[in-house]
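The primary structure of each chain is shown beneath.
There are 2 protein chains.
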Amino acid sequence: MSSEKTFHMTPDEFRRYGHAVVDWIADYYSRIESFPVLSQVKPGQIRASLPEVAPEKGERFDTILNDIDKLILPGITHWQSPNFFAYFPSNASGPAILGDLLSSGLDVQGMLWSTSPACTELETHVLDWLVPMLGLPGKFLSSSTGGGVIQDTASSSSLCALLAARERATNYTSNQKGCDGRIVAYASTQTHSSLEKAAMVAGIGVNNLRLIEVDENFAVRPEVLAKQIEADKRAGLLPSFVCATIGTTSSNAMDPIAEIARICRQHDLWLHVDAAMSGTAALCPEFRHLQNGVEFADSYCFNPHKWMFTNFDCDCFWVADRKALIKTLSILPEYLRNQATEMGAVIDYRDWHIPLGRRFRSLKLWFVIRHYGLEGLQHHVREHVRLAQQFADWVRKDDRFELVAPVPLNLVCFRHKAGDEANQIIMDRLNRSGDLFLTHTKLNGKLTLRLCVGQTNTQERHVVNAWKRICEEAEEA
Amino acid sequence: MSSEKTFHMTPDEFRRYGHAVVDWIADYYSRIESFPVLSQVKPGQIRASLPEVAPEKGERFDTILNDIDKLILPGITHWQSPNFFAYFPSNASGPAILGDLLSSGLDVQGMLWSTSPACTELETHVLDWLVPMLGLPGKFLSSSTGGGVIQDTASSSSLCALLAARERATNYTSNQKGCDGRIVAYASTQTHSSLEKAAMVAGIGVNNLRLIEVDENFAVRPEVLAKQIEADKRAGLLPSFVCATIGTTSSNAMDPIAEIARICRQHDLWLHVDAAMSGTAALCPEFRHLQNGVEFADSYCFNPHKWMFTNFDCDCFWVADRKALIKTLSILPEYLRNQATEMGAVIDYRDWHIPLGRRFRSLKLWFVIRHYGLEGLQHHVREHVRLAQQFADWVRKDDRFELVAPVPLNLVCFRHKAGDEANQIIMDRLNRSGDLFLTHTKLNGKLTLRLCVGQTNTQERHVVNAWKRICEEAEEA
Chain A
0 MSSEKTFHMT PDEFRRYGHA VVDWIADYYS RIESFPVLSQ VKPGQIRASL
50 PEVAPEKGER FDTILNDIDK LILPGITHWQ SPNFFAYFPS NASGPAILGD
100 LLSSGLDVQG MLWSTSPACT ELETHVLDWL VPMLGLPGKF LSSSTGGGVI
150 QDTASSSSLC ALLAARERAT NYTSNQKGCD GRIVAYASTQ THSSLEKAAM
200 VAGIGVNNLR LIEVDENFAV RPEVLAKQIE ADKRAGLLPS FVCATIGTTS
250 SNAMDPIAEI ARICRQHDLW LHVDAAMSGT AALCPEFRHL QNGVEFADSY
300 CFNPHKWMFT NFDCDCFWVA DRKALIKTLS ILPEYLRNQA TEMGAVIDYR
350 DWHIPLGRRF RSLKLWFVIR HYGLEGLQHH VREHVRLAQQ FADWVRKDDR
400 FELVAPVPLN LVCFRHKAGD EANQIIMDRL NRSGDLFLTH TKLNGKLTLR
450 LCVGQTNTQE RHVVNAWKRI CEEAEEA
Chain B
0 MSSEKTFHMT PDEFRRYGHA VVDWIADYYS RIESFPVLSQ VKPGQIRASL
50 PEVAPEKGER FDTILNDIDK LILPGITHWQ SPNFFAYFPS NASGPAILGD
100 LLSSGLDVQG MLWSTSPACT ELETHVLDWL VPMLGLPGKF LSSSTGGGVI
150 QDTASSSSLC ALLAARERAT NYTSNQKGCD GRIVAYASTQ THSSLEKAAM
200 VAGIGVNNLR LIEVDENFAV RPEVLAKQIE ADKRAGLLPS FVCATIGTTS
250 SNAMDPIAEI ARICRQHDLW LHVDAAMSGT AALCPEFRHL QNGVEFADSY
300 CFNPHKWMFT NFDCDCFWVA DRKALIKTLS ILPEYLRNQA TEMGAVIDYR
350 DWHIPLGRRF RSLKLWFVIR HYGLEGLQHH VREHVRLAQQ FADWVRKDDR
400 FELVAPVPLN LVCFRHKAGD EANQIIMDRL NRSGDLFLTH TKLNGKLTLR
450 LCVGQTNTQE RHVVNAWKRI CEEAEEA
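Chains as they are written, first to last, in numbering that gives the first Met the number 0: chain A, 0 to 476; chain B, 0 to 476.
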């Protein structure tokens, strides 16, 4: 018999070190406002403090944990700081982190139902829960023709939707023969860049992705879309897919889903709705008008890891016709065959996305929904929207600034009237100060500041302070 | 001012509940052998115990945590049980789980260097560490022309490699014009099914993926590969990509990398090496002969989340020419522009894979390498190989059984000589007993049992018992 020498952490060591890590995180959230929101390090600075080669001998856990403070924190941009107003948020919460910890601890593979039935069934169940919670159509339910799945990001959801559209439009032959060169996809000039990437990946090509022009509110012009589809049809092409957005990344613009859906049905195009950020708002009935027409979507996604207090990654993706998706992405080698699958009695999620292996991500989503309840989720979403609207009011009433786009929810696009350079200076100074972090976009060719209120712990005082600091830097600029 | 009513977990609540979850996991590992390895539930059984609709009001954390035992555990297949010998393992460890917990707590987005420099730099650094640790070529280092990145799974790495090959072969025009229909990719009949999926996704089409026949050891026949490439060239096609495998999923077969590489260089094809499972063995110099020729690979991946004690997901992917990969996957919308990127001084990992957002996954890998040290990792890998070889010896010496494939490392493919039905019965009985879990494949058309020794906590006594139980069921069969 071999000696049972081991380098593994024992359960008791895990308990002790685990408590230390939990304490570290609790302390981190208690002191998070003391850090500059945007990391101030220079390229290469973090690497310079790390040893050139990996250790030959194992190290003590305390040493490793200490290095988080010493070596890692300086290079962290604090996405969980209440003074984080940049991009779109990635807002975590206690129940999400702990649900995810359980997922890491169990560390099951959910590729097939049979490889851990609870991993598949909880996911299906929670995604069914979300359908009425968000006012989505019943056809997205697993008890109907559709169903939901957790993907890593909206980029992957868009890609899967585009692939399913590609296959449906070519009678499921592109998977065999290669992408049919006549396929055309449509988005707007404001659609997320992941659509461009999806067209590249799927072999459709960027030249066959039409970026339709938008109106003065940065929403797609349905009449232009219709004309383009008709022109492409006349040219012998195969219009197949439209991506409409509820809340674009640049300015939170709302594409007119109902009108787009009408055009899609007329021409038999797959309609994918990307509500990555703003989908969370639909938890509140008063914001659901923004998704009018979603009942005609073939697929839809939103990211609880953006605004619904669920740490990354967690993108929820629904299809109206799960068979179309599965037919597009299914492969079945012998070593994955099993009775439950053969009987057709179960969902095997590996056929719903690109990767084979999959994490038990529904645990954290389940924890979040149960911890907050619908009531708690609604409360915080409403509060974020209220704070953003208040900020927009301050901008509106200040002669030095202007709003550059409508503010339907929690993103405010604004600029100092003194021009691009002034805005760049204001932003750079704010971000360098570490007091808050915001980012920019270009709208109508002009550099525009974006302030998004969606971080879990952002309260009124943080937004008040952000405006105060912006005004101070505007004085200087 | 608004009332600061909140539904969030406070840092102190997080501390208390966090300790409880850590304790739950520690206890889980202490009692893990008491559960049936393969979940015994029927389809729908887990969902049947869950409430139909989501809660309106938030629930207490203890209630939620209690439900893990009550509602979830029956539906868990225990991938972390030392009696798990199925598929390939997905082996977690204490330091990995705690590194991942920190990643959840910080919850940063690593899409750009600037969105959290430490997230990018630690990843680059740890992947550079691994190059000499695994005896990989220096061109994979970020200080050379290449570099490494963490992907979710080997499926995604294969897809990215195939896309880069597609673009290189068409002078980077397929992204614009759509996939060139002349592209041909090559793998073997034993290559992982994700290659087929990648060919579908990339718009190349399964018809343009040649599955080359294998020899008696299930390794690809290089002379057949060479002939097929030549035939395709004569036919006016564009041979572009070969995937070679170090340790196939079915039987752990080793493709002859050096010979394949010679053919790839001769015809200017991209060579991707998939070592998802067996790459970990290269930590030990005595197993590196299995990857002879890897110095000629254009890309390479292995999964620490399989055999290197790092919880899912963590696939390490290297390229020899990072420019080819970045040129294939790069997009740059205005809202992601920033100074560090413009200066070209940094890596922006969103250009190295499909998703935009990304988790701080290098933390867990860093924790694992530092906790175990190279010495500890080698020890456990060697022990797993020793136990598998010992098991193979028992099979070899038992007249009732036969080995069906060579056993280069830690996977044993064997069968009872009484035929497919007997083997199916033996496997089903073992798996239903809950004492251990193994799966099957088909080799030379025959149903073959697979026993893989790679679970973190598997010791000699578990392998001894597995053999004892297999022999018992063989008596019955």
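One should not assume that every hint holds.
Identical chains blur together in the list; that is why a pair holds if it fits in one copy or across any two.
Stated by the list, open to error - In silico SDA-like links for lysine to any residue, alpha-carbon gap of 20 Å or less:
(1) K467 x S432
(2) K326 x N206
(3) K176 x L237
(4) K4 x V463
(5) K41 x A339
(6) K56 x K322
It should be emphasised that the hints constitute simulated quantities derived from the structure, not laboratory data.
Query raised in the report: Which numbered hints turn out to be false for this structure?
Result: Number 6 - this is the single hint that the structure violates.
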